[in-house]
Amino acid sequence: EAVTFRMMVLPSMANPLGSMHGGAQATLIDTLTSVALMVSEAATQLQAGAETIEMSATVSVSLLVEFMAAGRAGAPLFFECSIDRSGKRLAFLGAKVYAEETGGKRTLVARGRHVKSI
Numbered sequence: 001e002a003v004t005f006r007m008m009v010l011p012s013m014a015n016p017l018g019s020m021h022g023g024a025q026a027t028l029i030d031t032l033t034s035v036a037l038m039v040s041e042a043a044t045q046l047q048a049g050a051e052t053i054e055m056s057a058t059v060s061v062s063l064l065v066e067f068m069a070a071g072r073a074g075a076p077l078f079f080e081c082s083i084d085r086s087g088k089r090l091a092f093l094g095a096k097v098y099a100e101e102t103g104g105k106r107t108l109v110a111r112g113r114h115v116k117s118i
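Under the working numbering, the first residue of the sequence shown is numbered 1, with each subsequent residue one higher.
Derived from the structure by calculation, the hints contain no laboratory data. A couple of the hints might just be wrong.
[To be verified] The list that follows gives simulated cross-link-like pairs (lysine to aspartate or glutamate, EDC-like), each with its CA atoms no further than 20 Å apart: (1) 96 x 54; (2) 96 x 84; (3) 105 x 80; (4) 96 x 80; (5) 88 x 1; (6) 88 x 54; (7) 105 x 41; (8) 88 x 41; (9) 88 x 66.
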């Protein structure tokens, strides 16, 4: 399962070199992988016939981000977030951050691993 988010890199998110600050990327990976987990949880409940959705309280256990290329201010980034495995106590989430260049070529900007206690 994967959910992809698209966002523009705002100048306020840039470091002095003009690329997206690593802390901003880490925050978005943390937040957007959590949203992907909630979407998956909601879909599972709805498919099972639930009339209301109950969301689990979750907390981060670990977050690892590896940076590979610059995400330029004023350009879009795509955050492809996945639920790699979800058990009774832990969910293992992943993220790949891409920049799209002319002609549709994608450049991997960063990747993240997020473990959450559920």
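Flag every earlier hint the structure violates by its number, smallest first. 1, 7 and 9
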